[in-house]
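S.K.: Sequence:
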Amino acid sequence: MLIIYCNACLFQLDFKYLIWQNFFLIINLISKNLLEYKILIDIQENQKQVSFYKHMQKPSNSSLSSKFQNIDLKNQVMTLIGREKLSNLLSELSKCSNLITLILNLYFFNNKDLEYGEFGCELAKLQKLKQFQLNFSQNQVTEQFISEFSSGFEQLPNILELNLNFNKCKMDSYSIFTLVSAIQKRFNLTKLNLNMNSIQIDQNSLSELSSNLSKLTILEFLTLNLESNNIIDEGAIGLSQAILQLVNLRYLILTLNNNKITSIGVSNLIQSLEKCKDIFQLNLIFNDNQISDQGVKSLGQGLSKYLKLTELSIGLSGNKISDEGVIILGQYLTNCIELTKLSISLRSQFVTCQGIETFSIELNKCSKLYWVDIEFDWNKTIVNNTQDLLSSENIAKYQSFSIRFQKSSGTSFGSYSYKYVLKIKLWFNQLLMWENDMFFGFNQLDKFSHFEMYLNCSLINDQIVKDLGYGLARYQKLQYLILYLQQFY
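Be aware that the sequence shown starts at 148, since it is given in the numbering used here, and climbs by one per residue.
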């Protein structure tokens, strides 16, 4: 199917039986009148999809390739499009001399498709490329492929934004070293998103990564995802020492879920990061590690020195934290005087509603805070205490206030048992509820005109749904209502 958006017009053509060799010929014939392009190509076993966006121009005889500025290429199914087809496609892409943005999602390829040298050579021809995104996740990446790709990438002088995804790839130390060495040579990078979850990175490779990151001194936006890599305190500290060299950094996402980081690692990491005082948006995600209340206290002390921080996201679920650590963290966050948005995950069997309530009271001291999202485990025997949070006069000042209660099994990215899950969200005059006992929150509905409820747990039965209908019928102020009812068997 070919979908073309042009001056609010939509055209569709059936490409189900398109012969690959005629693919670019057809595109050329259709697109002669288009000035700029953003192309989405979905390559599947029996289907190709292309989307063109932007504006019209007068007819031109110039080639399609020379006019391409934005290309988004996706392979979204576990299928083998073949080495020859991919090679031909890349060869055509390399003719796009004016290409500025290129997005390639090429995951789930077999090993043979990666054993050719054309990729790096063709990539190197895109000399005007400024934004490049490559998703090669869940592949068996060979040393040869990484070497060829890195060699081609090094020859792109104008790259400013880079997004690489090698999640769940089997990469050896040499491949990691080659890749990060190529990245650091693009010293003019302003935005880097590096995803290397579950690649079994060792300490030496992590040290190489840290060392090369520290050389990207112009970097303003950094996203570094290193989940499930058995990273210990030493590795976390090395990363923080590299990041503090990035004097222009304004935006940082550091995701280290499911590693072996303790309070010592968090304490040293935040002490280094606190020197990056110009960061205005910070995400520190440490779910499923070995952090105690002492580590949370150190984290709070470090965060309190971020006087320019406006948006903060913290992940501490699956650690050894209690009410004490949560309350202390809240007290330190009151020093973040510019904070406007906060998202925090605190799922722990030792964190109770009392701790969250005290934490919320501390947050009320943040005068500019208007968006709050709190997640923690729900002990059903004390769920009524959370009504104090919802009805608090102080909470009424928030444009968005979310409380998510989750009783789960396994890690934060493992399987869940959704028997008792509740989400309350107060947003202006809107109330959002997730999977709860019917009694909770209904006495608050008369204050709201917008209501959403999501129920997809084992508690649903005919009587509950009937009671829900009767309950909603009592509230005449409701203007906006969404109900999701789903039962698992």
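These are calculated hints, taken from the structure and not from any lab test.
Be aware that one or more of the hints could be misleading.
What the hints assert, rightly or not - Calculated pairs, DSS-like style, for lysine-lysine (alpha carbon to alpha carbon, straight line, at most 30 Å):
#1 K277 / K317
#2 K407 / K277
#3 K452 / K488
#4 K338 / K512
#5 K317 / K422
#6 K515 / K613
#7 K362 / K315
#8 K512 / K444
#9 K512 / K452
#10 K512 / K467
#11 K338 / K242
#12 K407 / K452
#13 K424 / K407
#14 K444 / K515
#15 K317 / K272
#16 K332 / K315
#17 K488 / K515
#18 K332 / K317
#19 K317 / K424
#20 K467 / K422
#21 K338 / K467
#22 K407 / K467
#23 K467 / K444
#24 K488 / K407
#25 K315 / K277
#26 K424 / K315
#27 K362 / K422
#28 K277 / K332
#29 K362 / K515
#30 K424 / K455
#31 K424 / K452
#32 K455 / K315
#33 K315 / K338
Stated by the list, open to error - Simulated restraints, written as ranges between beta carbons of each label pair:
#34 K512 / G618: 56 to 66 Å
#35 S320 / I508: 18 to 28 Å
#36 I365 / T248: 18 to 28 Å
#37 E381 / K512: 16 to 26 Å
#38 E381 / I508: 29 to 39 Å
Where is the CB? At the ideal position from N, CA and C, for every residue including glycine.
S.K.: Could you run down the list of hints and mark each one as holding or not?
M.R.: Outcome of the hint check:
Under the criterion of a C-alpha separation no larger than 30 Å, the hint pairing K277 with K317 is consistent with the structure, at around 28 Å. For a cut-off of 30 Å, the pair hint linking K407 to K277 is broken: about 37 Å separates their Cα positions. Among the hinted pairs, K452 with K488 is consistent with the structure: their alpha-carbon atoms are about 17 Å apart, no more than 30 Å. Annotation: proposed proximity of K338 to K512 is violated, straight-line Cα distance about 34 Å (limit 30 Å).
Simply put, K317 and K422 have alpha-carbon atoms about 35 Å apart, too far for the 30 Å limit, and the pair is violated. The straight-line distance between the Cα atoms of K515 and K613 is roughly 42 Å, outside the 30 Å bound, and the hint therefore fails. Only pairs whose Cα atoms come within 30 Å are accepted, and K362 paired with K315 is accepted, the gap being roughly 26 Å. Simply put, K512 and K444 have alpha-carbon atoms about 18 Å apart, close enough for the 30 Å limit, and the pair holds.
The hinted pair formed by K512 and K452 meets the criterion: a straight-line CA distance of about 16 Å does not exceed 30 Å. With a C-alpha separation of about 27 Å, the suggested pairing of K512 with K467 holds against the 30 Å cut-off. With a CA separation close to 26 Å, the supplied pair K338 and K242 stays within the 30 Å bound. A distance of roughly 26 Å separates the Cα atoms of K407 and K452; the hinted pair therefore holds under the 30 Å criterion.
Only pairs whose Cα atoms come within 30 Å are accepted, and K424 paired with K407 is accepted, the gap being roughly 27 Å. A threshold of 30 Å between alpha carbons decides the hint, and for K444 with K515 the separation of about 23 Å falls inside it, so the pair holds. Taking the CA atoms of K317 and K272, the gap is near 28 Å; set against the 30 Å cutoff, the hint holds. Annotation: proposed proximity of K332 to K315 holds, straight-line Cα distance about 25 Å (limit 30 Å).
Restraint check for K488 and K515: the C-alpha separation of about 9 Å stays at or below 30 Å, so the hint holds. Of the pairs offered as hints, the one joining K332 and K317 holds, with about 24 Å between alpha carbons and a cut-off of 30 Å not exceeded. This hinted pair does not check out: K317 and K424 have alpha carbons roughly 36 Å apart, beyond 30 Å. Proximity of K467 to K422 is assessed by CA-CA distance (about 27 Å); at most 30 Å being required, the pair is judged to hold.
Among the hinted pairs, K338 with K467 is inconsistent with the structure: their alpha-carbon atoms are about 34 Å apart, more than 30 Å. For the proposed pair K407 and K467, the alpha carbon gap of about 13 Å is at most 30 Å, so the pair holds. A distance of roughly 13 Å separates the Cα atoms of K467 and K444; the hinted pair therefore holds under the 30 Å criterion. The hinted pair formed by K488 and K407 meets the criterion: a straight-line CA distance of about 28 Å does not exceed 30 Å.
Pair hint K315 plus K277 holds up; C-alpha atoms about 27 Å apart against a cutoff of 30 Å. Between the alpha carbons of K424 and K315 the distance comes to roughly 33 Å, so the proposed pair goes past 30 Å and is violated. For the hint linking K362 to K422, the alpha-carbon distance of about 17 Å falls within 30 Å, and the restraint holds. About 15 Å separates the Cα atoms of K277 and K332, which keeps this hinted pair within 30 Å; it holds.
Proximity of K362 to K515 is assessed by CA-CA distance (about 35 Å); at most 30 Å being required, the pair is judged violated. At most 30 Å may separate the alpha-carbon atoms for a hinted pair to count; K424 and K455 meet this at roughly 7 Å. Note on K424 and K452: the hinted pairing holds, with a Cα-Cα distance of about 7 Å set against a maximum of 30 Å. For the suggested pair K455 and K315, the alpha carbons sit about 35 Å apart, so the restraint of at most 30 Å is broken.
At roughly 23 Å between alpha-carbon atoms, K315 and K338 fall within 30 Å of each other, so this suggested pair holds. Hint check: K512 to G618, Cβ distance near 35 Å, so the stated range 56 to 66 Å is violated. Between S320 and I508, the C-beta spacing of about 49 Å breaks the proposed range 18 to 28 Å. A hinted range of 18 to 28 Å for the beta carbons of I365 and T248 is consistent with their spacing of about 20 Å.
One distance hint, 16 to 26 Å for the beta-carbon pair E381 and K512, is violated here, with the actual separation near 36 Å. In this structure, E381 and I508 meet the distance hint of 29 to 39 Å, their C-beta atoms being roughly 38 Å apart.
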